[in-house]
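For the record, the sequence lines run as chains V and R.
Under our numbering, think of the first position of the first sequence as -14, with each following residue one higher.
Under our numbering, think of the first position of the second sequence as 2, with each following residue one higher.
Keep in mind that the hints were calculated from the coordinates and are not lab data.
Backbone N, C-alpha and C fix where the C-beta goes; we use that ideal spot for every residue, glycine too.
A portion of the hints provided could be inaccurate.
[What the hints assert, rightly or not] Only some residues are given here: those of chain V computed to face chain R with a beta carbon under 7 Å:
(1) Ile1
(2) Gly6
(3) Ala9
(4) Cys21
(5) Ala215
[To be verified] Pairwise CB distance ranges, derived in the manner of DEER restraints:
(6) R:Arg305 with V:Ser0: 50 to 56 Å
(7) V:Gly350 with R:Leu6: 26 to 32 Å
(8) R:Thr354 with V:Glu58: 57 to 63 Å
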Amino acid sequence: MTLVLPKALAAKGTSIAHSRGALAFGSVLLAITFACAAALQLATPELVIWPALIAIVVIAAGGVVIGTMKSGELPLIVAVIVIEAVGMFFLASVVIGISRVEASSDMVLLSFAKVSVVLFGAAAGRWVPGIPAIIVAYLVAEGPVVALTLFGLGIFNVDWPASIMCIGLVVGMAVLGVSRSRARAAEPALTRARIAEATAAGIEIEKSASSALLHDTVLNELSVLALVPAGELAPGVRDQIARSIRRLGESTAPGDTITAERGQIAEAVDEAQAEGLTVLVTGDVGLEHRLAPASAAALGLALRQCLANVLAHSGVTEAEISVLSSGDGITVLVIDAGIGFVENEVAGDRRGLRGSVRDRIESVGGTVQIWTTPGAGTSISLTVPVA
Amino acid sequence: MKQELSPQQLDPLGGVSARAVVELSVVVGILVSLALTLTSLEQFAHPLLEVLAFVSLALGGGWFIYASSPFRAPLRRSSHMIVTGFLLVAVLLNALAQVGSNDYLRDDWGPLGMAVVLFAMGAYRPAREVLVFTIISSVLVGALAWARADDFTAAAPPIVFGLLAAAPILGAGAGSAAFSASLVRTLLLWRERTNGIPTVVDSVGDLPAAHRSLVETEVAPFLQRIADAGSVSPADSSRARALSNELRALLVIDSERSWAADLAAGVVDSGQLADSLTTDQRSCLRALLAHINHSSVFDPNTLRLSFARDGWAGVCVIEVEYDRGSSPRLQLAPYIAVARSLFDPVHSVASGTTLRLTVGFEPTSR
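Please build the complete structure, drawing on both the sequences and the hints.
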């Protein structure tokens, strides 16, 4: 998702919304004009007002055509112009003709109908240039009425509501265009920032994975080398160093995963046993094959770190792992009966549990739970969703 | 902060665009009302009430302009109620000012002024709310005209006067609601379509981690040499310890380095609250800070960003110097409008030559 609507889409979306708004406005005004004319006819049966109702329906038909048009076809638009002009002519003839007081071209019923036609013109702005459409619609609405007054039917008065609606819509559209350009100037910057944020998030994930891997590999080996007595290295330690260097090379490219022919869980157990930890495995290790490669790799590396922690910090040399199916994922429990610890009191520079276990599992959508009490052992649950 | 399905909340920049239309509507509404008053002065039996009607119209329009500012976004229902309330009072006072002397309904500016002003409300409020307010207003205004039917010279059933008086409000309101509904539909559709599409990300490239060069230039060659030799000397053990400590320290620095550090000359974030912002919040701050860094109005060297806790909430304060005589708030208006849809609260104060922008947020775990 992006933060703001792109400028091109904003212009299009707003144009459609304006069109629907103008159509609704015009339709409601026309409906009220119809209702008023009908009420007048019922109240004064001696007058012949009903033809005005037909004229209003004709004008409304033009609005319906505009509202249902699928594209701005010129013949259809010309047809609408003709329909509206004819409708306005007959409406004006009837309304001016039946007026008991001095009839004028700006009578309320005529005025409402003219405003409706202007609004239908604004609605057509979805298909044709908006400002010319409004002006043409105004001329179509006012023209027939003015023509009648020229032939002596009623007097001509400037129709302020219709004129103001026309001018207001034209100025409003122009102002909105300028205002939109100014306001949307921020849109490219916001979009760029969104992309930069996604890039930064990608870098953050890679950086976190890289840190975790370093912690599991070279940092472990450096710690071991700092402690071993000078002289020949035990074969296991030498193999472990070679494996770490190889793993570091394998994971250089972002997104790469580490492969394990025997399975990640089995290899993690083998490594821990090579370093002197006795590991009792229960459950179905084969469940690992249900995982996506990236998830399996993350689980294997996190498990390695958990077992390394048992060996380094728990004070015991035995651990139990249990592999279980858990709904949409698989769970590996790592249990030891060691000295335990308080998670919140782990020093800030000890990144194993946070970076190599928690961050790594969470990066593939999994969860980590830790139950531990000083003196009462530790249980860690690693749950990873299946592919 | 609860988000409503209003065009402004789904697309804050749309609200900034529409502000000019609000200003225009209010000016046109007042001018039309003034013109209709001046052309029918003889119908006003109570000039004081007419003046008060104008005051109410101006207050309603003024509040609409005030509330639609990007610095007060989003425009809430309470503001909609205040604007509608002032305008209804204006309609009532306009009618009362003509009691006993009102010959024609068509020169009553109340309903027309109200319709013109409320026309732009659909850009800010949900369609359903606009429609409800419109119907209530129309019924009240229509009933008022119906009650005065005997005053008018035209011979027509009372219902006709009620319908004619309500027509501008009902029409403008229906148009406004249709505009709002259509825009919201477009925005929701766009969000639905873009939600599933990941943002195109440039190549991650080299990881800018502080520890990387140490591993490549020192640690890896050291381990390779040990692996090849198959033995260690006392000096190797010391070297391994030193490299281990150095690498551990760099890993900690990398993990605690804030993303915001690259965006401002000075960043204070001891609680690592910058990491607890949502993706959209971070994007918004990135865009705002990028604008400040590249605008000629601001001095990027003075840009300071600080994060702190205020109880459970997080607070981010951005301070920067700007050129005297420039309008820093105007420059940042679109960004502030977007920020107001993502942070709560958002305050900006420009004093002297310093702009201080404060945004509040609920820290989330990433």
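Here is what the structure says about each hint:
{"no.": "1", "hint": "Ile1", "verdict": "6 Å, holds"}
{"no.": "2", "hint": "Gly6", "verdict": "3 Å, holds"}
{"no.": "3", "hint": "Ala9", "verdict": "4 Å, holds"}
{"no.": "4", "hint": "Cys21", "verdict": "5 Å, holds"}
{"no.": "5", "hint": "Ala215", "verdict": "5 Å, holds"}
{"no.": "6", "hint": "R:Arg305 with V:Ser0: 50 to 56 Å", "verdict": "43 Å, violated"}
{"no.": "7", "hint": "V:Gly350 with R:Leu6: 26 to 32 Å", "verdict": "30 Å, holds"}
{"no.": "8", "hint": "R:Thr354 with V:Glu58: 57 to 63 Å", "verdict": "58 Å, holds"}
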